[in-house]
Amino acid sequence: MTRAHSVHVLGAGSMGVLVASELSKLPNGPSITLLLRNTAKVEHFKNVNKSTVHVQRLFKSPVEKAAYQFPAASANEINETIENLIITTKTYQTEAALKDYLPYLKPTSNILLIQNGLGVADQLYENVWPDVNQRPNIYQGVISHGGFIESNTGDEYVFSHAGFGDLKLAKFPRDTSITEEERYDKPEFIKNLEDAEGLATTTLSYSGLLLIQIKKFAVNACINPVTAIVNCINGELKSADNLRDLFNDIISEAIDVLVATNPLLRKNPNTEKILNKKDLLDYVVVCGTEWNANNSSSMRQDTLNDRDTEIEYINGFIVKVAEANGLKADVNKTIANLVKLRTALNRSKANK
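Quick note on numbering: the UniProt record's numbering labels position 264 of the sequence shown as 264, and the sequence is numbered without any gaps.
The hints are simulated quantities; they were obtained by calculation from the structure and are not laboratory data.
Since the structure is predicted, the reported quantities are computational estimates derived from the model, not experimental observations.
What you were told as hints is all true, and nothing was included just to trick you.
Simulated DEER-style distance windows between Cβ atoms: (1) A67 - G326: 48 to 58 Å; (2) K99 - V63: 35 to 45 Å; (3) N28 - A324: 42 to 52 Å; (4) E181 - A350: 43 to 53 Å; (5) N325 - N276: 20 to 30 Å; (6) L341 - A96: 19 to 29 Å; (7) A96 - I178: 22 to 32 Å; (8) A350 - Y104: 31 to 41 Å.
Straight-line C-alpha distance at most 25 Å; calculated DSS-like pairs for lysine-lysine: (9) K215 - K278; (10) K216 - K238; (11) K186 - K267; (12) K50 - K25; (13) K328 - K340; (14) K215 - K277; (15) K333 - K215; (16) K216 - K168; (17) K90 - K106; (18) K328 - K267.
Positions of the beta carbon are idealized from the N, C-alpha and C atoms, including for glycine.
Produce the entire structure from the sequences given, and follow the hints as far as they go.
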């Protein structure tokens, strides 16, 4: 039997390759193509890496090692409609990375965003698809699998699947002005993700996913910027006397803004329970400073290595939503500005 449809993956990092490798195991599953930055990257992948990625599943005993072959392409090599697109780039890279592929995306195309932070889909609607009728079907994913590139191998296509988690996804509203959950027929692409056992995928209502997304967002909004600002690993924060006060201010303000501006959240009967501020604060402190005590947050690593951060899609997103709706978000605005200051100072020192 021939494969009925195709999937393209934009962002061939650990999460993109993890999802691609699990989809490739399906009998009669989709054909999968990795979208790389340019022709030189494609040629290197073909000639040096033999079109092969390696995945080590560290959570299995013994460690499971597997190799997967995928075709790769850059934008100038695409000559067909992109039916299904998975995007796992950094949030701030999304719009620019997507630009060259826009001619191949149609209103019938399906796009799955698997990223940290909030606001990417809103940004794409605002800047890329302002016409509701021209918008593709966008799905939002929240992934808890742990993965990273094996940097000691010198090969950017050797990945470790460090922790088994799950993938939760939902259809993002095509029209964000409508306050009812959207009804839709589940495409084959989404069914494939649900069938891939190694992903543990669950499809939810959008407001249901948003609650899960906000819970993860709360951790990122506290741990990421604060560790970047004061330059420490997560566990070092635990001894700070004012930690809970600071985190409470960040969380409380963010929840107030998100609930006040989202009718779907206000209608969901689980919102009050899942977004309980005290429970969220306890979760953020335990998850961030105890379970992941030895971790150096991605935002801290970005500031240390002179990279852009995702602050505009975390605390900065709260500020943007608040200001657009006549609300205040002074705590998150201060946190975002301090991260930008830390980034600028680190860059200034590096250039001396």
